[in-house]
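Using the sequences plus the hints, can you model the full thing?
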Amino acid sequence: MKGTIYCFLLTTNFVPKNKTHMKHIILLLLLGVCSSAFAQKKIIGKWYLIELFGERNPVEMYRLQRTTKATAGHLINFAKDKTFYSTYFAPCGLDCFASTEGTYKRVDRHYLSFHVHTFSVHGAGCEKTEREKRDTDLGKYYVHLSAKGILYLIKSTENLKQDKQLAQDAEQFDDLYPIVKYIYKHNKGIASYNPSFREEITTYAAQVLKLTHYKVCLQLSVRRIIGNIGLVKDLDTGIYYYVVEDTSAQKENKYFHFTSEELKSEKSPQPPKDSE
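Per the numbering used here, the very first residue in the sequence shown carries number 48; after that it's consecutive.
What the hints contain is simulated information worked out from the structure, not anything from laboratory work.
Keep in mind that a hint or two might mislead.
[What the hints assert, rightly or not] Lysine-lysine pairs mimicking DSS-like chemistry, simulated, CA-CA at most 25 Å apart: (1) K235 / K262; (2) K235 / K311; (3) K116 / K257; (4) K129 / K152; (5) K152 / K127; (6) K208 / K235; (7) K89 / K180; (8) K202 / K152; (9) K93 / K116; (10) K195 / K93; (11) K257 / K311; (12) K195 / K180; (13) K180 / K93; (14) K262 / K208; (15) K129 / K175.
[What the hints assert, rightly or not] Here are the in silico distance ranges between beta carbons for each label pair: (16) I237 / L282: 30 to 38 Å; (17) L282 / E174: 34 to 42 Å; (18) S243 / C143: 25 to 33 Å.
Heads up, the beta-carbon is just placed ideally off N, CA and C, and yes, glycines get one too.
In structure tokens form, the structure reads like this:
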């Protein structure tokens, strides 16, 4: 640490005016080093997430949390040796358990990259036990820990400013329970994975929401539960819209939406008239 401070002072040709000024410089450097170290270490340990990590690629965003009340789902463990192990968990051993294994590495203080090496399934509920080698580069992700302790991995846009903004947008998913609850109130089934989801909600934002200046921020896949959730931001008002496939309409490519304000007021969202 002393070498770091000394190097900083030499390369900047900076001479502190007094001891107090020097203390301020040292404090700033300490804060900088600590925050950088925190960025490297904050993902280590076990997290719960919505889908099996690295099973599909690309994924715009992973949402992870330290604790869960769910008795079945997915988890991931990031080890100190830069390896990870993600698996399905359930209270009964008669289920089929899928898992991925791989490695991660630090790109810089803001980013990590991930690589999947193997995918396997095992358990009494599987047709057969198999383990296959994979060589899947998931790419670079911006690492963001929200104030509520939710960890977001945001697929990099190769623009740090944009990635930081997407991380702030992602906090609209901090409290996921009321979002899922609202969707369950309306939908009659589970929407299957839709590869053209982003393009369709972009059209929806313009044609149904009638937004002039907007951004399709992120999509969160809650597969086998409610399908995909698209997050759209009205750039004129700052309002966020959650856009979800409407399974109750029994029509293809139909959606309904609700806002962050409706979640706060506990008002049940209604499907747009166009989708009825």
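Identify every previously stated hint that the structure contradicts and give their numbers, smallest first.
-> 1, 3, 6, 7, 12, 15, 17
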